[in-house]
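Chains as they are written, first to last, in the numbering used here: chain C, 1070 to 1378; chain A, 144 to 433; chain G, -1 to 556.
Mixed in with the good hints, there may be bad ones.
Stated by the list, open to error - Distance condition first, Cα-Cα at most 25 Å in a straight line; then the derived SDA-like pairs of lysine to any residue: (1) Lys1183(C) x Lys245(A); (2) Lys1091(C) x Phe212(A); (3) Lys1091(C) x Leu311(A); (4) Lys365(A) x Ala102(G); (5) Lys1314(C) x Ile376(A); (6) Lys520(G) x Ser287(G); (7) Lys232(G) x Pro171(A); (8) Lys176(G) x Glu1131(C); (9) Lys1088(C) x Pro210(A); (10) Lys243(A) x Arg1087(C); (11) Lys520(G) x Gln1236(C); (12) Lys436(G) x Phe212(A); (13) Lys275(A) x Leu1098(C); (14) Lys1091(C) x Ala305(A); (15) Lys82(G) x Val317(A); (16) Lys243(A) x Arg1149(C); (17) Lys501(G) x Phe1147(C); (18) Lys204(A) x Trp1148(C); (19) Lys1371(C) x Ser306(A); (20) Lys501(G) x Tyr1335(C); (21) Lys170(G) x Lys260(G); (22) Lys275(A) x Lys156(G); (23) Lys250(A) x Ile1368(C); (24) Lys260(G) x Asp1144(C); (25) Lys260(G) x Pro1125(C); (26) Lys501(G) x Pro1081(C); (27) Lys501(G) x Leu1352(C); (28) Lys1088(C) x Val317(A); (29) Lys316(G) x Ala185(A); (30) Lys363(A) x Ser1199(C); (31) Lys316(G) x Pro171(A); (32) Lys316(A) x Pro1081(C); (33) Lys1091(C) x Lys316(A); (34) Lys1143(C) x Arg538(G); (35) Lys275(A) x Ser119(G); (36) Lys532(G) x Glu1354(C); (37) Lys532(G) x Trp1148(C); (38) Lys82(G) x Glu313(A); (39) Lys1370(C) x Glu310(A); (40) Lys513(G) x Asn1218(C).
These are calculated hints, taken from the structure and not from any lab test.
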Amino acid sequence: MEGSSKVFEVSPLWKHVRKEWKLYSFLVLPIIYFLIFKYAPMIGNVIAFRKYRGGPDFLGTEWVGLQYFKMFMKDPTFWRAFTNNLVLSISYLIVRFPLTLIFALLINEIRRLKLKKFVQTVSYLPHFISMVILAGMVKEMLSAAGPINALLGHFGVEPIAFISLPQWFPTIYVTSGIWQGLGWGTILYLAAMTGINTELYEAARIDGASRLRLAWHVTIPGILPTIMTLLVLDIGGIMGSNFEKILLLYNPLTYESADVISTYVYRMGITGGNFSYATAVGLFEGVIGLILVTTANTISKKTTKSSLW
Amino acid sequence: MKETSSSRIFQGINALIMTLVVFFTLYPFVYLIAQSFSSEAAVYGGKVSFYPVDFTALTYKVILSKPDFFHYYGNTILYAAVGTLIAVTATSVMAYPLSKDKLRLNKFFIPFVLFTMYFGGGLIPNYILVAKTLDMRDTIWALVIPGAISAFNVILMKTFFASLPNELEESAKVDGLDVYGIFLRITLPLSKPILATITLFVIVGIWNSWFDASLYIQSKEKWPVALYLRQVIETAISPTEIGASSEQANQIAATVKSAAMVLTSLPIICIYPFVQKYFVQGMMIGSVKG
Amino acid sequence: MKRFSRAMGIILSVMVVLSVMAACSGNNNGKGNNKPAESNAATNATQSEKPAEDYAFGEDVTFHSNEPVKYSMMYSDHEAYPYKQDWRLWSAIKEKTNVQFDLAITARTEYENQKSLLVNSGDAPYIIPKTYEEGAFVAGGQIVPISDYVQYMPNYQKAVKNWGMEEDLKAKLQADGKYYVLPGMWEAPGGGYSYIIRKDIFEKAGVDLSKEATWTYEDFYAAMKKVKEFTGKKYVLSDEFKGESTLNIAAVEYGVTAGWGKANGMRFNHNTNQFEFADNTQDFKDFVSYFNKLITEGIMDPESFTQEDDAAKSKFFKGDTFVINGNYQLLADYQTKMEDPDAQLYMITQPGGPKGQLMVETSRLENGIMISQNALKDLGEEGFIKMLRFVDWLWYSDEGQTLSLWGVEGETYTKDASGNITLNPDITYNGMNPTATKLLNADYGFGGGVFAYGGTSKLRMSKMTDGEKDFVSRVLNNREPRKLAPPIMGTPDESEQLNLISKPLMDFVSTMTLKFITGQEKMENFDKYVDQVKANGSDRYTQMANEIFGKTKSLLGY
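This is chain C alone, in the form it adopts within the complex (with noise of 0.2 Å):
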């Protein structure tokens, strides 16, 4: 961990923590707690090498290496699985990402403070309505005899099985994580945009800038740096999904565009050695995802000069 003092010149950065000593003291606490409650159990990620079976050795008994990594790797369906998570997790950012930056930014707009807060608070609903209702819900809507194939009907179209055809399950994620989503997400956004200085929007306002104008120049630079940070950090959440969510939704007739990584691991199934199975699928996930989110980090820093660290 001091390693870094090895690598730069000793004195300079030991003088440095000194004069700073006050401040760093704020993670003395913090950083114990991360090595206790966050780093401490990741030692339990070995039995991604060694053959766990269940029992109260968590560490395993002996070292198999990169098997468990080959299993999965050698697995056709494990692949797909994977593709599937790219797919899906990519159009949501792409469609949740702006639609989000957009609702911010017209809730913002709002004239009339109460119906500000009426609208915050009933985009806030859907966040609160659990998946199992959730997904209850859009199979009811999308069923044979729901609303969207009755809406179908008047414009003569047949009916659509939505929930058994693959070609629609990324639509359906996407939809549904939208709807639930895009009101919650607005809350950082709406955070940061209070701390805009409104002399910023006077002055332009002055200038003769049109809202949209005061959109692009003083809103979205005041709140670039949470903008960004968000992005970042959902660009590494790729290899994540709504695990709950297409557990619900999905069936056989849908595994081929709805089954993602964890699903798939799920179906696995946790059973004897399968434990050390589906931790070297995690760590095989954790590491594309901290390739992800430091690829963004740098793109992030060099194009808009505000990243993570």
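Since the structure of chain C is provided, determine the placement of chains A and G on it from the hints.
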């Protein structure tokens, strides 16, 4: 002149969009509430759309009449209060130094924090740590400490702190405040929006969490309400093993999911207006001038 | 860890063999000198003379310990009858046996999770009931290979002998030739899941139900067709459980696997004593063709495979459909929810198929009890055996089972001369005495799932309503029991290999099963499917399975 009319058009369009948004987000909730108050026949018959059919508050009565329910609610309030206090304090304390570019070790510490977002220990090592090594089983600590600081929240806060203008700190330093003083007197008061946001995130997280409790809490009296309601929902779904299917059981089974959902989310939604106070624009003006 | 306890076990068993031989007549034991029940290994090892038993046990003997004894146990708390400390159940057990429980109470919904955590962290209580899948825990070394000790359990042995359970028990054998769970045992298999139909509608449509017990799926199809013509509704059957139960019970009659029972897609050919992959055969083609017919003719709703259970039940309650899959408990439940007050629900015998009129339910085993190594460690082998004999009495003796289910004679039930049990009229249970106010389970603790399961057919029938009894006897009288397939007893490594082939393979099979049935994939492409299945590993799996079987068949008696 142009400005006013185009601005009015814009406001009009915006209002239209907002109405649509409100409708699409509110409708399912209205539907759920209506369902939770409808009779079982109406629910199964698919007759419910906007308002309750054959109004009955039986499910609510049954859930609320168990004194346990309020007891569990009390537990959740306690956990949320303690947990949020710890979490927000710890997160802001950690995020503050990380927001200072001048600290060279941040190049190490920020990835140190970020790394934990991509790698974890897994269920069993965490369980052994919390339940056995630290012996936090059946205590509130198992629920509020392990999850106290989330890397995501730290990074969000750090971003916000970093966006605060430096002049404020400079002038405070001139006035003789040290780092601790600056943090408490300058940074935190100015960070109300982000503190409110993180508070909201944490409260909602703790409020809805049942998994940790299912792992670590043995005594039923210590259950948070989310775990209780999850059980209520789970049992209504699976076929009952009990003998007599009474009228009550049927009615409850049909509406318990929606009722449970309404009961869990309503209070949280009510919290939001309190938090919203802090999302008021223009807080910066006063502080810069002053 | 394992090696150490095995060594100790050997040493101790030599010691204990002497005392066991003395006790082995199976009848009343002399009550010897008092010995503390929770003696640890050290104390036991020093007993070299024949130690006298300080407890009574035996076939049809009430277990009774001289000293009060406490055993730790996991308890799955069912929300319909939440745990009460003052239940008559606990005092009744204590009165008879002098045994109390140190319970680790967990809500039913969290039980599996807790079980996994406690076992895997080494903290499991001695007795772990409600175990459906013990396979996952074997390799962790925390569970006792109980087959090594069942010799000490007389009532268990009696049930095995009387009901001919040896074949059934083989299904529980692990790679080391032992089994790790004390399964719940039923004298005869249960009725299981079948089709709940609207008897009133079927009859009005002109279907002759008098012969339904001998129907095949083709007969069932003809009947449903009549119902469709008569009612003019869009579908006759809209299924719940995502169709998995229907596919499962039908698959049996076609000699394939699907739905809940799809497992690894294997079937065992008792003529060649070989495993075969069933789900890409002509039989399988016939199977999916049948359901495809139901779909294309509008008899079965294609949404059966994707909709939520509530949606399916809704259609049935409303009267938009007339057949739904379920078990008898569900039928009783649904009868009260039908919108049409004249609706009459009836459970047909599962139809037969090309392979005959086969009984769907073959297993007479159900969830059981695991015993944790902690018991062996803490109690020592002698104390451990004593505990096993208690378990033997409570869960496997007629007396113990009756107590768990019905309670105390005179207090909660009465018995007549021929041994028929009648529940007291002021207590209700499972639909009996529906107007009574006292609940056998919630108020007394009897009839609960943790203790009351398994047993004689008589006992099972005593719980049933007349309708259920009729259904079960129709099944037992008109269906041929199937021969059980032997287990594939792979080592953990082999099992891992098999699993790796099987899971993706069966994913593909599930997907294609539904695609053929719903018509998303055309029947003409079946041959392509057969080839694809082979490419996905069905041949490899079959080969491995037969290799393993070849190695272990002597253990299984083939």
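For each hint, the structure was consulted:
Distance hint between Lys1183(C) and Lys245(A) is unfulfilled; the C-alpha atoms sit about 42 Å from each other, more than 25 Å. Only pairs whose Cα atoms come within 25 Å are accepted, and Lys1091(C) paired with Phe212(A) is rejected, the gap being roughly 47 Å. For a cut-off of 25 Å, the pair hint linking Lys1091(C) to Leu311(A) stands: about 18 Å separates their Cα positions. Distance hint between Lys365(A) and Ala102(G) is fulfilled; the C-alpha atoms sit about 15 Å from each other, no more than 25 Å.
Distance restraint check for Lys1314(C) and Ile376(A): the Cα-Cα separation of roughly 17 Å lies within the 25 Å cut-off, and the hinted pair is therefore satisfied. Under the criterion of a C-alpha separation no larger than 25 Å, the hint pairing Lys520(G) with Ser287(G) is consistent with the structure, at around 10 Å. The straight-line distance between the Cα atoms of Lys232(G) and Pro171(A) is roughly 28 Å, outside the 25 Å bound, and the hint therefore fails. Proposed proximity of Lys176(G) and Glu1131(C) is supported: the alpha carbons are some 24 Å apart, at most 25 Å.
Taken as a hint, the Lys1088(C) and Pro210(A) pair is broken in the structure, with Cα atoms around 58 Å apart against an allowance of 25 Å. For the given pair, Lys243(A) sits about 16 Å from Arg1087(C) by alpha-carbon distance, which is consistent with the 25 Å threshold. Among the hinted pairs, Lys520(G) with Gln1236(C) is consistent with the structure: their alpha-carbon atoms are about 18 Å apart, no more than 25 Å. With a C-alpha separation of about 24 Å, the suggested pairing of Lys436(G) with Phe212(A) holds against the 25 Å cut-off.
At most 25 Å may separate the alpha-carbon atoms for a hinted pair to count; Lys275(A) and Leu1098(C) meet this at roughly 22 Å. For a cut-off of 25 Å, the pair hint linking Lys1091(C) to Ala305(A) stands: about 18 Å separates their Cα positions. At most 25 Å may separate the alpha-carbon atoms for a hinted pair to count; Lys82(G) and Val317(A) exceed this at roughly 67 Å. Restraint check for Lys243(A) and Arg1149(C): not satisfied, since their Cα atoms lie roughly 43 Å apart, outside the 25 Å limit.
Taken as a hint, the Lys501(G) and Phe1147(C) pair is honoured in the structure, with Cα atoms around 11 Å apart against an allowance of 25 Å. Taking the CA atoms of Lys204(A) and Trp1148(C), the gap is about 50 Å. The hint is violated against a cut of 25 Å. Proximity of Lys1371(C) to Ser306(A) is assessed by CA-CA distance (about 18 Å); at most 25 Å being required, the pair is judged to hold. Proposed proximity of Lys501(G) and Tyr1335(C) is supported: the alpha carbons are some 11 Å apart, at most 25 Å.
Note on Lys170(G) and Lys260(G): the hinted pairing holds, with a Cα-Cα distance of about 18 Å set against a maximum of 25 Å. About 42 Å separates the Cα atoms of Lys275(A) and Lys156(G), which puts this hinted pair outside 25 Å; it is violated. Of the supplied pair hints, the one linking Lys250(A) and Ile1368(C) holds, its CA atoms being roughly 17 Å apart against a limit of 25 Å. Proposed proximity of Lys260(G) and Asp1144(C) is supported: the alpha carbons are some 21 Å apart, at most 25 Å.
For the hint linking Lys260(G) to Pro1125(C), the alpha-carbon distance of about 32 Å lies beyond 25 Å, and the restraint is violated. For the hint linking Lys501(G) to Pro1081(C), the alpha-carbon distance of about 58 Å lies beyond 25 Å, and the restraint is violated. A distance of roughly 21 Å separates the Cα atoms of Lys501(G) and Leu1352(C); the hinted pair therefore holds under the 25 Å criterion. For the given pair, Lys1088(C) sits about 17 Å from Val317(A) by alpha-carbon distance, which is consistent with the 25 Å threshold.
Simply put, Lys316(G) and Ala185(A) have alpha-carbon atoms about 10 Å apart, close enough for the 25 Å limit, and the pair holds. Between Lys363(A) and Ser1199(C) the alpha-carbon distance is near 23 Å, which keeps this suggested pair within the 25 Å criterion. Restraint check for Lys316(G) and Pro171(A): satisfied, since their Cα atoms lie roughly 23 Å apart, inside the 25 Å limit. Pair hint Lys316(A) plus Pro1081(C) holds up; C-alpha atoms about 23 Å apart against a cutoff of 25 Å.
Under the criterion of a C-alpha separation no larger than 25 Å, the hint pairing Lys1091(C) with Lys316(A) is consistent with the structure, at around 14 Å. Annotation: proposed proximity of Lys1143(C) to Arg538(G) holds, straight-line Cα distance about 16 Å (limit 25 Å). Restraint check: the Cα-Cα separation between Lys275(A) and Ser119(G) comes to about 9 Å, which is no more than 25 Å; the hinted pair holds. Of the supplied pair hints, the one linking Lys532(G) and Glu1354(C) is violated, its CA atoms being roughly 30 Å apart against a limit of 25 Å.
Among the hinted pairs, Lys532(G) with Trp1148(C) is consistent with the structure: their alpha-carbon atoms are about 20 Å apart, no more than 25 Å. The suggested pairing of Lys82(G) with Glu313(A) is violated, with an alpha-carbon distance near 65 Å, which exceeds 25 Å. Restraint check for Lys1370(C) and Glu310(A): the C-alpha separation of about 24 Å stays at or below 25 Å, so the hint holds. Our distance criterion of 25 Å between C-alpha atoms is met by Lys513(G) and Asn1218(C), whose separation comes to about 21 Å.
Hint compliance for this structure: hints 1, 2, 7, 9, 15, 16, 18, 22, 25, 26, 36, 38 are broken, all remaining hints hold.
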